[in-house]
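Q: Line by line, the protein sequences give chains A and B.
Going left to right, the first sequence walks through residues 1482 to 1869 as my numbering numbers them.
Going left to right, the second sequence walks through residues 19 to 399 as my numbering numbers them.
Treat the hints as calculated values from the structure; they're not laboratory data.
So the derived label-pair ranges between C-beta atoms look like this: (1) B:Met60 with A:Phe1770: 26 to 32 Å; (2) B:Arg135 with A:Glu1570: 15 to 21 Å; (3) B:Ala280 with A:Pro1675: 54 to 60 Å; (4) A:Trp1706 with B:Arg135: 29 to 35 Å; (5) A:Gly1680 with B:Arg191: 48 to 54 Å; (6) A:Gly1705 with B:Phe376: 41 to 47 Å; (7) A:Phe1770 with B:Gly133: 51 to 57 Å; (8) A:Ala1847 with B:Asp78: 51 to 57 Å; (9) B:Ala131 with A:Ala1510: 40 to 46 Å; (10) B:Asp78 with A:Gln1527: 39 to 45 Å; (11) B:Tyr295 with A:Glu1571: 52 to 58 Å.
For each residue, glycine too, the CB sits at the ideal point set by N, CA and C.
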Amino acid sequence: MPEAPPPRIYLDHNATAPLLPVAFERMAAALRELPGNPSSPHAFGQAARAALEAERARLADLLGVSRRELIFTSGGSEANALVLRAVAEEGLPAHVIVSAVEHPSVLRGADWLARHGVAVSHLPVTERGEVQIAALGELIRPETRLVSVMAANNETGVIQPIARVVEEVRRRQGDRPIRVHTDAVQAFGRIPLPLATWGVDGATLAAHKLGGPKGIGALALRLGWQPAPLVLGGKQERGLRAGTESAFLVAGFAAAAGWLHAHAAEIWGRVAALRDRLAEQLGDLEGFFLNGAGAPRLPNTANLGFDGLSAESLLVALDLEGIAVSAGSACSSGAIEPSHVLLAMGLPEPRVRASLRISLGPATQAAEIDRCSEVLRAQVRRLRAGRR
Amino acid sequence: MNPEFYLDNAATTMLLPEALEQALPYLGERFGNPSSLHGLGMEAHRAVKHAREGLARLLDVPPQAIVFTSGGTESDNLALRGVFAAPALAGERLLVSAIEHPAVRETARALAAEGVRVERIPVTRGGVVELARLEKLLAPDVRMVSCMAVNNELGTRQPLADIGRLVKAHAPRAVFHVDAVQAFAKERLAWREARIDLLSLSAHKAHGPKGVGALVRCAPVPLQPWLRGGGQEEGLRSGTENPFGIVAFAEAARQAAARHAAQQGERAAYHARWLEYLAGFPELRLYRSEQATPFVISLAYPPLPGEVILHHLEQEGLLVSTGSACHSLKREPSDVLLAVGLSEQEALSSIRLSFSVFNTLGGLDSVLPAFGRAVEKLRRL
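So here's chain A without its partners, still in its complex pose (with noise of 0.2 Å):
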């Protein structure tokens, strides 16, 4: 067995969040009191039918879609996976538009596309991390099927101009529709999220970002797009994903995004001062960048570091101090590989490597990010010091 952690200072929250109390407590309830299969026609399973079903109408209206609106799947990769392949099913010649800084569930489910004969063009973004809406309008064909722009980055935070991409799609679009996707797995909870109001067809959801349980996520799929299911067998979540649905992670999940839009003004607004306290008590030090500055960001991400010093010193620094910090996604399991977002921004590979990515939670205090930038300017001394 492990021994018990260190007391640490958790600044990783887009890699996962910490369960919020109030997801724990409904998925206690729902483990004791829910056991249930929701498909099994007895009140066992009822009961947890009926539960499962509450909780979906809680996230959909949160989400200003209709329940019907709302499937639930393994998680985010899950649901980016399932718009990306469905695209095959509809058959060729099939086009689709990937931005160039999408999470690697979209990446590798285009290039997937791109080997079952779809054309697939990589959306590229300015030196801020937006994506080129002029560029959009070119790239987008009589035989494109797809546009997936997130609405959030999960490394730099930047946060996409969505209203504008489904505009200038709708814009050029022939008579048969485009889909839009997008992935608001780092958005979800953390900004608005008006999917109604931008007009997008799909939008990808997971539950362990925000403060639910990880083994969960969701797609809002917009009434009339029944694209073709990913994972087949029994008919659950209107045939668009087969596999026993499980009543305590919906709770977990549903419960930590109602918790999260209930307190979201208090909460954001006082995180992205700390975010920003951070970058100011760096910002002196010889080197210091910030990614994506000048664009609007989630309020709980930096990414930032100092040229000439890897990312993975500072990263292994903050570590022995019991602060987790992250370099690049944490979803290539091992290696650090450089970052394709901040190689897509343009930045030259050395500063790529030397970029850290500092995450924060609702619960995030302003003495953590003061340890924080403590610890960091010992360490940037030290290097740079060691060096001369």
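Given the coordinates of chain A, assemble chain B onto it according to the supplied hints.
A: Quick look at chain B alone, frame taken from chain A:
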């Protein structure tokens, strides 16, 4: 509710308290993402590794053979898709038994639409794959054979060792996949003897939590991922791993294995006592098979639809199922029951009693009379 009265353990089982306790810290302070490189991430990574090794020991496979998934359905999808996405020769064949779970049946149907030649292996009235027919279907162009270990609706055990022997003799390149969701933690999975290549498992059918399962690669067959992205699970299944679910899954499996030997006598006696009791109701049609496991009893009362029987049993506190839970909300006879020769009326009247370790001989003293009272009421309808 009294767990003795829950007779729908093939649909889902109760989470074992020991499994919950073991996994609970991963809903609390040990919340890290196993892919994160800092201490919290490493801690979660170690927990997943430890659970993987534990499960691997129970199954007698190397740890890297285990690919954690979101459940049995995804495991079945990955098995079939994963094999047929690997470089294939045109016109290759997939053989699936006639009584597979919808996760295999529907995936096979999708593959058929994509050009794979899918053929059904018929079963006997006893719910067992017809070995002679299988042998005729087998040829070197068979890429994969999928046959479950224990059927979810009938509880019949398949002759996996015979199937495996035939597969490897007549289609040496074929991958032998076994959906062992209903057998896992109940039956011994002698995969080596049966020459099984891929095994699908689900946690929640074996007192683990919902939302987690595994595909076990007993042999290093070439497999392509079905969920792509961050490259977790050695690239075979992307998506943030679920340490809570994985730890609870492994612990539930460990507990089941520990009590397995001691349980065998009680399981057989429990089943026998049901059969003895049911013999007193000649109007009930019991599904019989020489390959029955002691975990499922399928029966019908043909004048009445299964829903009515279920309802009356529920009034006595007994929870059972009609057909399998995945398609029991619509009134169509189960394909599986038709495949073993039940008439449509019999199939529509069928209910399933399915048991777990929480159903004990002692509990039958109150469970059987409750069942009897329900049948008395049904007789008067």
